[in-house]
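Residue numbers (our numbering), protein chains in the order written: chain A, 1348 to 1502; chain B, 1348 to 1502.
Worth flagging that the hints you see were computed from the coordinates, not collected in a lab.
Among the hints, a few may not be true.
Put simply, identical chains are the same to the list, so a pair is met inside one copy or across any two.
Using 25 Å as the maximum straight-line C-alpha spacing, the simulated SDA-like pairs for lysine to any residue come out as follows [as the list claims (entries may be wrong)]: (1) Lys1432 / Gly1494; (2) Lys1432 / Arg1385; (3) Lys1432 / Pro1422; (4) Lys1432 / Ser1477; (5) Lys1432 / Val1416.
These numbers come from a predicted model, not from an experiment.
Protein chains: 2
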Amino acid sequence: MERKSFAGMHCSVAQCLEAVGDWWTMLIVRDAFLGIGRFDQFQQRLGISRNVLTQRLAHLVRHGVLERVPYSEHPPRYEYRLTDKGRDLWPVLTAMRQWGDRWAAPDGPPLLVEHTACGRVVEQTLTCPSCGDRLGSGDVRVVRGPGDLDHLAGT
Amino acid sequence: MERKSFAGMHCSVAQCLEAVGDWWTMLIVRDAFLGIGRFDQFQQRLGISRNVLTQRLAHLVRHGVLERVPYSEHPPRYEYRLTDKGRDLWPVLTAMRQWGDRWAAPDGPPLLVEHTACGRVVEQTLTCPSCGDRLGSGDVRVVRGPGDLDHLAGT
């Protein structure tokens, strides 16, 4: 199961995939948003080997998604926290969660996300800044941007 | 590099990861949204082996994300099209694209998404249905839903 690097592709989806690394890594990011920070906590929740977890955490630190922050000096201990770049993955997780809630959650949504200030459950949507309409994939078209060096848009 | 199935996890993010399968698969879905449908087109654009592509397409068909539709009877030829479940991955791709545009697109966004009706570039955001505020991950809290059988929310 080869795993080619997407680093050279001029595609923002591929760049996101490159930074996140693999599926396990996305669940590490999920848990970081849920307040998990310590190695043993991640390992316990995810049930993966220490070796795999070490690799994935190092990948996320290398890509600037997580940072290692000391929480004890004697003995030296670190926890992992989301950086700004990492916190900006929230919409990705949210979109995945909403898809799973809709298509693969027979017992109902495992988690709900509420606006802290008013307690309402919130949803992520694509809307038009001009008319305010809520849009689906059928209401939009993809056009070339300045960075389309790989000619993704041309079919 | 073991690849455990996420099918048994009560987490909608994990369920989305399970259906999409792996990173290559997400780029197949991307290309399907860009109008690609035939095996040889996918292969040419993605540059992966026929063997890997065959596996990934079969995975997406098995999970109901793509369907095989005949486009020629003599000889029998098929193309792949997004189902409703597949088209509903648009917000996931959009969130990934927006992240990559922001953090890993030094030449500018490769692709822009416009509202077909009015031509404005559109953006996906999390907003509160009550007050209409645009929300970041710091403005929301995660609470248990009915399907939280794995106690994800409890830290």
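| query | Under a CA distance limit of 25 Å, which applies to Lys1432 and Pro1422: within one copy, between copies, both, or neither? | reply | neither (29 Å within a copy, 50 Å between copies)
| field | Alpha-carbon proximity between Lys1432 and Arg1385, which holds within one copy, between copies, both or neither at 25 Å | value | Within one copy, since 19 Å is at most 25 Å while 36 Å is not.
| request: Can you give me the call for Lys1432 and Val1416, within, between, both or neither, at a CA distance of at most 25 Å? | output: Within. Shortest intra-copy distance 16 Å satisfies the 25 Å Cα cut-off; inter-copy 40 Å does not.
| message | If the cut is 25 Å between Cα atoms, do Lys1432 and Ser1477 qualify within a copy, between copies, both or neither? | response | neither (28 Å within a copy, 28 Å between copies)
| Intra/inter-copy verdict for Lys1432 and Gly1494 if alpha-carbon distance must be at most 25 Å | within (20 Å within a copy, 30 Å between copies)
Figure legend: structure checked against the earlier numbered hints; hints not met, in rising order: 3, 4.
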